[in-house]
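Chemist: Note that the protein sequences, when read in sequence, are chains E and A. Those letters in the first sequence? Residues 1 to 279, by my numbering. Those letters in the second sequence? Residues 1001 to 1559, by my numbering.
Mixed in with the good hints there might be a few duds.
[As the list claims (entries may be wrong)] The calculated DSSO-like cross-link candidates involving lysine-lysine, where the alpha carbons are at most 30 Å apart (straight line), are: (1) Lys86(E) with Lys196(E); (2) Lys1314(A) with Lys1348(A); (3) Lys1031(A) with Lys1314(A); (4) Lys1261(A) with Lys56(E); (5) Lys56(E) with Lys1190(A); (6) Lys1271(A) with Lys1261(A); (7) Lys196(E) with Lys1464(A); (8) Lys1190(A) with Lys1450(A); (9) Lys1031(A) with Lys250(E); (10) Lys1348(A) with Lys61(E).
These are calculated hints, taken from the structure and not from any lab test.
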Amino acid sequence: MPFLRYAPLNTIIHRLHPFSKFVFLFSYIVILSVFYEPITVTVALLSVVVIGALAKFDSLKTIRTLASPLFMIFVLSIINSLWMYKPEMYVNLPKEFATTVLIQLTGEGTPILGRTAITIGGVIYAIALSLRALAGVLVFSLFVHATSMSEILYGLDSIGVPRLGVFIFMATYRLFPLFLRDINTTIEAQTLRGWKLDSKNPLKQAGQYMAMTVPAFNELTVVSENLGLAAESRAFGAGRFSTYQDISIKPLDYLVITVLVGAALASVFVYSVYHIGML
Amino acid sequence: MAAEVVRARIDSVTYSSADHPSLSDIDLSVKGGDFLVVTGPPGAGKSTLLMTLNGIIPHYARARLEGSVSVGGTDTKSAEIYELAKTVGLVLEDPDQQLLAPTVEEEIAFGPINLGLEKEEIRGRVRWALDVCRLDRYAQVDPSELSGGMRQALAVAAILAMKPAIIALDEPTALLDPLGSSQLMSTVSKLNKDLGMTVIMATQNLESVAELANRLAVMDNGVIASIGDFGSIVSNTDLLERLGISPPQITRLASAIGLPKIPYTLTEAVKSFPRPSHASELGHRGASQTPSGEPAVVVKNLHHVYENGIEALKGVDLTISKGEVHALIGQNGSGKTTLAKHLVGLLKPSNQEAVVNVMGIDVTSAKTASLIRTVNYSFQNPDHQIFSPTVLDELSFGPRNVGFPDPDGTARSLLTRFGMERLADSNPRTQDRYTKRLIGVLSVLALDPKVLVLDEPTNGLDAKSAASLMKLILEAGVTTLLITHDMELVARYSQSVTVLRDGRVIKSGTSGEVLADAETLKSTWLEPPQVFRLMKLLGSDEPVFTVEEARRMFQGRDA
């Protein structure tokens, strides 16, 4: 799994204080929540790729790995955009994008759905949503790639997150790769018993994959309970976390925090005042 | 006289999902510095007893505890688990369910970090735990990339780093290779003897603890059936064997030939046993005999490099004759599972020159789907295989997928053949470990493969269940590649053996040749069965590896 895995490297990003890395995570959450048109989202995405390169994080490999889910997100976004044919929905883009219909699906009087159409504006919106999803995954993956667990514990603790919150974060961090590994092993085991994707229909394929998740979900229920047990058995919650790594806030951290917080505030400002980032 | 560190007076422990108690009438006292082994068949209550020691029961597990447990003077009912963790460190049976961190180093540091220790102290403890558990090379590795045995060693290291006064270990060696297990035992022994750490260990592997433990408790059906001095309890081979627990080989041998004093360690045994008076008559194990016949599996010059750069196989050659049971042994992480996955097409060689041929089929170019009736694989953890709502569905899943005319009929006939008809409509996931393991193997056998790969098939089973399972597998009569760390299993059931070390074959031959080569085995963290070592110490070079073979050398074939 090229993403969602910590890489113990000594890059400039790895050496940042955990607090700076949390600021990175939250700043990008703000930025990506604000923008929903392709150009601004692409700028944000490219900035993540650049920061990723500094951390020796292989963004391209992650994108290749995520190609199928991203395509699914694009399809869902297109579905979501079927009702975006009203000109008032577009502030920066030409109003005619709303009315330029590529494919008309249903007419005005259609029960429940009403009028639905794939428009140029809708496609642009779907592209922006997909890029936003991609940027979000890259941001989180980069955070995990560059932040060790003890840094996460220390960082969350230092910003006053309660123990339960720390544990939920930690368990998610651990369970997701475990879940993927279990599904992979189950698919291997069932492939050896003749299981195969025998349908070209994506919905049927999804159903077949869902069946494969049954053992993994069963396992996860037990594992998530036992992880809590294992954490408590190792004195989790006994007091304040210490650290064995050399963690200190340096001038670079102040600079990074200032830039990131500034970028987040600026994005909210330009969005609210100048409507930058709107469709 | 050492002070009492554990006092358990348990009337009962009942899980909320159960209608009867898992523990009853427990009266247990453990003194500081004791090394207490708790043994018993699966389901006897060993894990439940251990979980009462650090407060998991009643605080975490959904179970009601009637009675009291006091640890280091603290009542576990009134203290939090994290407080008790400073006194009692508990290593759970399954390492995957207790590893939390992204690197080995961080995993070990997790406990000390929670204890709020100073930076230098944490670093020192991490280095020490890495060293004693042979994990120093893997400090920056993701635990999920380690072999099962290494993950178990890591789980132990993570607890050791907390340096608790009492360490409780639940089957800690179940996934370890024999010398890995012996090293872990010597570490635990050092902690016990040099640092005075109290050790409470649940295990069915009495041989691995015989030199170290001073007390033994035998559990059955939630009660302590017998407790006392290790030597006196382990000598009661009738009780242990009735419960499916295997005493050390030399103890069984001494009991079988009627020695007045029953030894349980090799040191004692050398003094107690006479010199054997008969030849072994074990020609089939002789060095001159090698498996012959048509090859079922041929592997030549196989290399495999994983995506992360780890070179798991470095030019492996392997030949298995039709109809034989071939054991594949080697230390944790030596490449056994990687090799096995190539045989079924789950992995492809990294080099073009590699030959992987099974029953005349070139596996390197074949699709996995086309191989499954020729060669198949039973996974180490049956939970990864089992996913149907009933046992019948589980067994008919494969036959249905490959187009058998009557998949349910195939499944039913297998169930009948193995005496499991009554389980047809039951849920496979709720079965005991032995039954789940059997279902896992049968679900593969249902496809009637010509070659079967079994990955640690008896792992976690008691001796009786392991023997039954192997008997059933052998009855199926297919060519078998048996991956195991259990040297007695190898001795009893395999005709030939291949030893892997660091991705290379370092020895291949008959089981007699390989098991007698102590140096080669030692170099890959394995060791010959205990009776062979005893015979060596008694001056015999006979290739005897099982208790029955050794008995004949003392009493003759007809005795």
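Chemist: Take the hints in turn and mark each one as holding or not.
Modeler: Consistency of the hints with the structure:
no., hint, in the structure
1, Lys86(E) with Lys196(E), "44 Å, violated"
2, Lys1314(A) with Lys1348(A), "14 Å, holds"
3, Lys1031(A) with Lys1314(A), "50 Å, violated"
4, Lys1261(A) with Lys56(E), "66 Å, violated"
5, Lys56(E) with Lys1190(A), "43 Å, violated"
6, Lys1271(A) with Lys1261(A), "10 Å, holds"
7, Lys196(E) with Lys1464(A), "37 Å, violated"
8, Lys1190(A) with Lys1450(A), "48 Å, violated"
9, Lys1031(A) with Lys250(E), "51 Å, violated"
10, Lys1348(A) with Lys61(E), "21 Å, holds"
Violation of the numbered hints given earlier is confined to hints 1, 3, 4, 5, 7, 8 and 9; the remaining hints are satisfied by the structure.
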